[in-house]
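Working from the sequences, and respecting the hints, build out all of it.
Read off the chains here:
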Amino acid sequence: MKRFLMAAAATALGASSAAADIKVGMITTLSGGGAGLGIDVRDGFMLAISQSGRDDIEVVIEDDQRKPDIAVQLSDKMIQSERVDVMTGIIWSNLAMAVVPAAVNQNVFYLSPNAGPSPLAGKGCHQNYFNVAWQNDNLHEAAGAHANGAGYSNTFILAPNYPAGTDALTGYKRFYEGELAGEVYTKLGQTDYAAELAQIRASGADSVFFFLPGGMGISFLKQYANSGIDLPVVGPAFSFDQGILQAVGDAALGVVNTSQWNKDIDNPTNAAFVESFQAEFGRLPSLYASQGFDTANLLISALEAADPSDADAFREALRAADFDSTRGDFAFGPNHHPVQTIYAREVIKEGDVFTNKIIGTALENHSDAYAADCKM
Amino acid sequence: MSTILIIEQVLNGLQFGVMLFLMAAGLTLIFGVMGLINLAHGSLYMVGAFAAAAVAGATGSFFLGLVAALAAAALAGAVIEMVVIRRLYAAPHLDQVLATFALILIFSEGTRWVFGSFPLFLDIPVGLAGPVTLPGGIEYPLYRLALIGIGLAVGLGLWALIERTRIGIQIRAGENDREMIAALGVDISKLYTLIFALGAALAGLAGALVGAIQSVQVGMGEPVLILAFVVIVIGGIGSIRGAFIGALLVGLTDTLGGVFLPELFKLFMETGAAQKSGSAIASMAIYILMGLVLVWRPTGLFGARG
Amino acid sequence: MINERMINALVLAGLLALPLYALAVDEPFTITLVTRAVILALAAVGLNIVLGFGGMVSFGHAVFFGIGGYAMGILAYHAQTYSTLDLGLFTTEGTKLMPVIWLVAMAVSGLVALIIGLLSLRTSGVYFIMITLAFGQMFFYFAISWAEYGGEDGVSIYVRNSFPGLNTLVPIQFFAICFVILCLVLFLKERLRASPFGLALNAARQSATRAETVGLNPMRLRLVAFVISGMITGLAGALFADLNRFVSPSMFSWQLSGELIVLIIIGGAGRLMGPVIGACVFVALEHFLGGLTDFWHVYLGLILLGIVLFGRGGIIGMLTRTEGAHV
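Protein chains in written order, with this note's numbering: chain D, 1 to 376; chain V, 1 to 306; chain X, 1 to 327.
Treat the hints with care, since some could be wrong.
Mimicking BS3-like on lysine-lysine, the simulated pairs with C-alpha atoms at most 30 Å apart in a straight line are [to be verified]:
1. D:123 to D:173
2. D:123 to D:349
3. D:375 to D:123
4. D:173 to V:190
5. D:375 to X:96
6. X:96 to X:189
7. X:96 to D:123
8. D:123 to D:357
Just so you know, these hints were derived from the structure itself, not from any lab.
Below, the structure written as structure tokens:
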């Protein structure tokens with residue numbers, strides 16, 4: 001036993017002595033039910049790194065198993081043992097809340113490729129924290145704005161009973177101007193929505209908004225399609241993304257969802273990204289892959305201008321966001337969260353493959369509701 | 001809240017309960033006859049769903065998918081019984097817990113290895129798609145009605161198997177006195193493999209049937225496993241009848257609790273807060289139910305032994 | 001064949017030597033890793049009192065681990081935000097002092113253990129496993145919807161709580177605190193086992209009826225053991241939350257209850273150092289296998305399976321060639 005652990009120390013030592021100019025620590029979800037998202041972020045990120053041709057960037061990748069305590073432990077490892085300059089990769093808000101505040105207070109830069117919990121955008125913002133994806137409420141707010149434009153006036157809304165779910169419904173209500181036919185919080189991880197569907201049917205709603213990430217959304221949509229309820233559905237992109245659309249099948253066709261990215265956004269960076277991602281990995285890129293790709297390109301653009309050891313200069317370079325995003329123009333607001341256009345997309349079928357196409361703009365140059373609370 | 005809505009929710013609770021029964025029946029049989037705590041039962045549910053999705057995807061036939069689910073889960077069950085479980089019958093419960101916990105890890109990540117990290121597609125057959133109108137004007141999904149029917153039929157079949165056949169006699173004898181039945185010349189190790197495969201097949205069937213209206217993904221078995229344990233504990237471990245009653249109780253409590261508790265809280269709270277507190281209590285409802293049952297009857301509703 | 005005492009001494013010496021070595025070569029993360037093993041070991045030592053010595057398989061010890069965690073989270077949260085915690089009878093501003101947090105964690109865990117114990121010790125065997133699981137699930141879902149303290153996001157504490165005279169942010173000093181506590185608890189537990197109470201508990205595990213005929217009250221013995229056990233696991237929870245500077249409902253999850261059981265079985269149920277060895281092996285496996293492949297759980301599963309099938313009595317059983325307590 002003792003010898004075993006001694007070997008442990010020796011290996012840990014060996015790992016930290018590897019030489020690279022810039023060290024990036026990526027903590028993301030690579031095993032279990034949520035692994036698809038982490039794998040997409042990682043693949044998008046690594047694609048951009050390899051396309052940049054820079055061999056002085058070392059990326060240390062670790063699997064957090066979607067467990068907050070494991071993520072915290074890995075973060076300690078990244079900072080204490082690997083001595084990384086920049087961290088990235090976390091998918092889930094609760095893991096981000098566990099890791100990010102401690103990391104940025106230890107003078108590490110954190111670039112979020114996915115999670116954007118509201119405390120980190122408002123009172124808890126930090127000069128070393130940059131979100132390259134969105135503030136959590138953004139896509140829901142866009143869904144609310146879209147509902148107004150589509151003339152919905154009596155929506156039934158539902159989300160799981162946890163903080164991101166509450167944020168989702170709050171975000172929708174922030175922009176939606178009509179009445180609510182019902183507001184339901186479901187159990188986290190729930191897979192059967194028969195009871196909620198019966199409530200929707202009885203509620204007299206004219207539309208349905210839902211936020212049910214991962215397998216919950218797949219289950220909901222399949223059951224919705226089979227329930228005979230024929231109301232228009234809106235939701236954020238998470239339940240309609242490339243990775244899970246094939247599992248939803250026809251049930252998702254025609255559903256409008258909101259996203260800051262889609263594969264048909266017309267700019268050369270995006271076209272090249274979609275093509276090279278498909279060539280490299282044999283599948284269409286997802287929203288998460290685009291976010292991973294943008295995160296890496298932001299990092300590379302800042303490294304061109306400054307070295308992380310000069311923290312102030314490097315921070316300025318990140319803030320400038322001088323890179324070609326797959327979303328077209330990209331800029332940070334005062335709280336280091338994106339100010340961006342959010343589109344309405346519709347689920348379509350291209351040959352045998354389910355995917356999305358943009359049908360309009362939901363919110364133009366949209367920031368977030370918490371920026372004013374951020375004193376940096 | 002209208003009568004129609006209430007009836008609809010009761011049907012939903014029944015359907016949920018009946019599917020839980022398919023899971024719980026195998027679990028309780030295996031515990032009753034062999035005294036084994038099988039945490040890997042949820043993995044067999046997942047195996048069924050993945051086999052159905054793969055075969056239905058390749059052939060386009062849901063029915064073939066179901067056959068594949070039954071076969072794959074039964075096979076997986078028989079293999080793990082012969083390779084691992086057989087060595088654990090005499091072992092303490094704790095060793096069984098650890099071994100079957102290890103099997104969960106192997107099955108979950110092994111499935112992801114084979115099928116990838118994204119959920120699979122499995123749709124309900126065209127003939128059962130869409131809703132039907134029941135007497136009284138209730139619109140209800142045909143597929144869910146079919147699930148209730150299949151579940152009840154399987155329950156009946158299981159009852160007939162145990163009460164009316166030679167194998168059933170052996171199973172009941174095995175529950176009562178293991179040595180006696182071996183002395184009577186029954187090949188006990190074959191009987192155990194058979195029961196294990198039967199329980200696994202039931203779990204696989206449930207996985208495939210439910211997979212068609214849910215997400216076929218790695219880890220789908222664990223939440224169901226916990227619920228199935230709740231069911232057999234409420235019903236009394238080893239009792240098929242108890243599993244049936246327990247499954248319906250849990251299904252109805254969970255479904256109706258989720259609907260009515262928030263409504264109840266609205267009587268004395270404002271809507272948003274009532275929704276949140278109501279659904280928080282609702283997610284604990286079945287565990288509260290189980291706690292109450294066990295405090296009242298420490299060996300479950302129909303359990304004979306402790 | 002190796003003597004169990006020798007193994008125990010070696011394990012403790014190793015647990016102490018490794019962080020010191022890591023300190024010498026400036027590898028703070030190794031210290032953090034060993035601290036994690038020590039804290040998990042402490043939680044499992046608590047569980048082992050009911051499981052190994054009392055013969056009661058509690059599948060809900062995450063309740064106490066979580067309560068300890070939230071005791072730390074809530075007290076430190078109020079202290080760091082200068083907000084008031086209203087407890088009805090009195091109000092408090094929270095605290096960042098570890099000893100106070102530990103006392104609160106143990107008191108609340110003990111109280112909850114008393115209530116859960118009173119209700120669930122009426123059952124036995126698999127029913128006991130499941131009723132404790134049920135309590136675990138109730139606490140888990142409650143914590144998820146407890147919006148005041150972050151719901152599923154949990155509570156982050158930016159600076160580790162303090163201990164008079166020490167700088168707890170230095171990994172080796174925090175390790176020292178945890179290690180001393182573990183040694184103390186192990187010592188007390190050994191005393192407890194040899195005490196009249198411990199002997200009576202052991203008798204009750206082997207045969208409740210026989211214990212009753214000699215005038216013991218098995219129910220009361222078990223209840224006391226359950227409360228002590230809950231308090232120790234609660235203390236471990238407070239330390240664990242401080243190690244991570246973070247607490248979330250995942251500390252209440254049934255997977256965590258299961259993991260604690262697994263730690264004990266790996267090491268050897270009912271052995272003094274079983275949980276400690278189990279925790280070290282588990283943390284080491286998690287750390288090394290995790291870097292190897294995306295599908296490392298498969299290998300972890302195979303190794304655990306190997307331990308059950310070929311090593312009865314856990315690692316200590318394998319080394320000493322003796323079987324542990326049957327539960």
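### Query
Out of the numbered hints, which ones does the structure contradict?
Structure breaks hints 2, 4, 8.
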